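These are the residues of each chain, in order.
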Amino acid sequence: MAYSEKVVDHYNNPRNVGSFTKDTPGVGTGLVGAPECGDVMKLQIKVNLETGVIEDAKFKTFGCGSAIASSSLATEWLKGKTVDEAAKIKNTDIVNELKLPPVKIHCSVLAEDAIKAALADYKEKHA
Amino acid sequence: MALKFPIFMDSQSTTPVDPRVVEAMIPYFTEKFGHPASRNHPFGWEAEGAVDKAREQLAALIGARDPKELVFTSGGTESINLAIKGVAEMYREKGTHIVTTVIEQRAGLDVCKRLERQGYTVTYVPVQADGLVDVEEIRKAITDKTILISVMFANNEVGTIQDIAAIGTLAKEKGIIFHTDATQAVGKVPLNVEAMGIDLLSCTAHLIYGPKGVGALYVRRKAPRVRIAPMMDGGGHERGMRSGTLPVPLIVGFGKAAEICRAEMEQEGARLKTLRDRLQDTILSNVDEAFLNGHPERRLPHNLNISFAYVEGESVLMGLNKESALSSGSACTSATLEPSYVISALGASAELAHSSIRFSLHRFTTQEEVDYVAAKTIEVIKRLRDMSPLYELAKEGVDLKSIQWKAE
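Protein chains in written order, with numbering that gives the first Met the number 0: chain A, 0 to 126; chain B, 0 to 407.
Keep in mind the hints are simulated off the structure, nothing from the lab.
Being a predicted model, the structure only gives us computed values, none of them experimental.
Do not take every clue at face value.
Stated by the list, open to error - Each computed DMTMM-like pair below joins lysine to aspartate or glutamate, with the alpha-carbon atoms no more than 20 Å apart: (1) B:Lys52 - B:Glu88; (2) A:Lys21 - B:Glu263; (3) A:Lys122 - A:Asp112; (4) A:Lys80 - A:Asp55; (5) A:Lys21 - B:Asp398; (6) B:Lys321 - A:Glu111; (7) B:Lys405 - A:Glu35; (8) B:Lys405 - A:Glu111.
Stated by the list, open to error - A few chain A positions that, by computed beta-carbon distances, are all more than 12 Å from chain B: (9) Lys45; (10) Glu75; (11) Ala86; (12) Lys122.
Said to hold, decoys possible - Among chain A residues calculated to face chain B with C-beta under 10 Å, some are: (13) Val6; (14) Ser18; (15) Pro24; (16) Pro34; (17) Gly37; (18) Ser71; (19) Ala116.
Glycine residues also receive a C-beta, built at the ideal position from the N, C-alpha and C atoms.
Can you build the whole structure from these sequences, using the hints too?
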């Protein structure tokens with residue numbers, strides 16, 4: 000199976016790899032997937048507490064190239080969005096952007112789950 | 000010598016045809032194109048002679064007493080089908096139980112699954128952590144209804160070599176027919192059907208530097224005389240066990256490939272083992288939490304299978320596949336989206352099955368290639384671990400098993 004150019008690009012030059020300390024103000028963390036399934040994503044957002052805008056995002060992923068690309072793309076899209084706007088990112092947007100084949104759709108679903116989990120964690124901590 | 004890319008290190012999936020084999024085959028396409036069953040003219044005699052010679056070359060490689068004990072087929076899958084289904088059908092009156100292992104190739108397992116649907120019973124004997132089958136487990140599985148023991152000679156993923164002679168002895172003691180899928184072992188390690196008590200043996204040309212599309216089944220004629228029901232009815236070729244016009248050029252190539260393996264196996268095996276050990280030592284001494292899969296010694300000399308904790312196999316291959324061809328037990332590289340059942344059967348966690356990479360060397364592998372692949376693998380693993388949340392958690396001292404993972 001050949002990979003799309005965008006998947007290869009994100010795999011070779013992943014955006015925003017890294018971690019924030021979990022208790023930094025404004026940080027929300029999502030950890031989704033399971034090692035035995037072959038996919039785990041950690042996605043973090045750092046929200047400006049005054050404006051509600053996501054200023055920075057980081058990820059780390061254990062998974063195939065498409066899982067790495069999906070989470071890398073998600074961090075790119077999250078930056079600059081408000082928390083409410085971020086909640087509207089759909090897995091199908093990721094599928095279309097990366098041209099993921101049907102067997103890799105679960106990677107995009109996991110990325111959407113990671114976004115939701117990070118947003119939920121942020122809201123819980125900053126309610 | 001300058002490296003030529005991509006580097007092929009996936010020789011347990013297939014091998015390049017040896018140029019000497021191609022050379023031997025060529026006349027049989029255009030000049031010597033006769034049908035070996037044409038008994039009344041020189042074209043037929045010439046083709047029959049060529050097939051007989053190939054049969055002798057292959058018989059010599061596996062230690063068969065009589066070249067007539069070899070039946071040509073289309074490859075390993077067909078040989079395995081013919082052996083297991085052929086015995087099952089022929090000896091149904093005698094019994095309906097088969098003993099095999101959990102790490103057989105898909106062909107062996109799928110044939111057994113089909114037979115189960117047809118009323119046979121099959122015992123799938125487990126393997127130990129090193130991939131070895133405990134012969135006592137096979138003994139315990141045998142019932143008075145057992146008609147066949149089918150155990151692979153060497154595993155295609157982890158390369159573990161079974162104690163075939165001991166299983167052969169057990170089969171003789173119990174009067175049960177013994178089949179071995181030796182597709183990965185023939186031509187690579189010493190093997191002798193007489194000394195090892197093998198009654199049926201499956202092999203294929205394309206894994207020994209021969210052409211794709213031809214294989215063979217060894218069927219013992221004496222002590223005991225093994226009978227199998229044919230799967231293919233027709234002109235009664237191959238002593239009635241496999242009808243169909245013989246692909247003479249492929250068979251000639253198979254014979255030549257067998258002859259070369261017999262002459263060069265010892266030297267080639269030693270050379271590949273040295274290179275394989277070099278690859279293994281370089282990787283394991285530079286990467287922490289990398290685990291060798293399979294038996295440390297009883298293993299094919301050209302096989303290396305390693306699980307790299309905290310990174311997923313397909314992503315490793317993606318980092319390597321521009322320059323080198325390898326394979327992985329990761330679910331993402333399989334058609335079924337399940338991780339390797341072989342690695343899982345060794346008792347490894349599913350995570351480590353997803354993380355397994357198989358390196359398989361071959362006749363034309365060079366030390367430069369080994370060094371390049373080793374260095375590149377180390378680099379890719381490091382890069383992927385730097386972006387692995389599991390590696391980060393493990394380094395922080397978190398026990399990954401203590402986390403409530405939300406599986407999809």
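Query raised in the report: Going straight from one Cα to the other, do A:Lys21 and B:Glu263 come out at no more than 20 Å?
Result: Violated - the C-alpha atoms of B:Glu263 and A:Lys21 are around 61 Å apart, more than 20 Å.
Requested in this report: Decide, holds or violated, for the assertion that all CB atoms of chain B are farther than 12 Å from the CB of A:Lys122.
Outcome: Given that every Cβ of chain B is farther than 12 Å from that of A:Lys122, nearest at about 18 Å, it holds.
Requested in this report: With 12 Å as the threshold, tell me whether A:Lys45 passes as away from chain B on beta-carbon distances.
Outcome: Nearest chain B Cβ is 17 Å from A:Lys45, so the label holds.
Report task. Using 10 Å as the Cβ threshold, decide whether A:Pro24 counts as touching chain B. Result -> Status violated, d = 21 Å.
Query raised in the report: If you draw a straight line from the CA of B:Lys405 to the CA of A:Glu111, is it 20 Å or shorter?
Result: holds (14 Å)
Report task. Report holds or violated for the interface hint on A:Ser18, using the least CB-CB distance to chain B and a cut-off of 10 Å. Result -> holds (7 Å)
Query - Pair hint A:Lys21 and B:Asp398, alpha-carbon separation not exceeding 20 Å - result: Judged against 20 Å, a Cα distance of about 18 Å means the pair holds.
Requested in this report: With a cut-off of 10 Å on the beta carbons, see whether A:Ser71 makes it to chain B.
Outcome: At 9 Å from the nearest chain B Cβ, A:Ser71 passes the 10 Å test, so the hint holds.
Query raised in the report: Given the hinted pair A:Lys122 and A:Asp112, is their alpha-carbon gap at most 20 Å?
Result: holds (15 Å)
Query raised in the report: Given the hint that B:Lys52 pairs with B:Glu88, does the C-alpha gap stay at or below 20 Å?
Result: violated (31 Å)
Query raised in the report: Per the CB criterion, is A:Gly37 less than 10 Å away from chain B?
Result: With Cβ-Cβ at 4 Å, under 10 Å, it holds.
Report task. Run the C-beta distances from A:Glu75 to all of chain B and say if the shortest one exceeds 12 Å. Result -> Given that every Cβ of chain B is farther than 12 Å from that of A:Glu75, nearest at about 15 Å, it holds.
Of the numbered hints given earlier, the model fails hints 1, 2, 6 and 15; all others are met.
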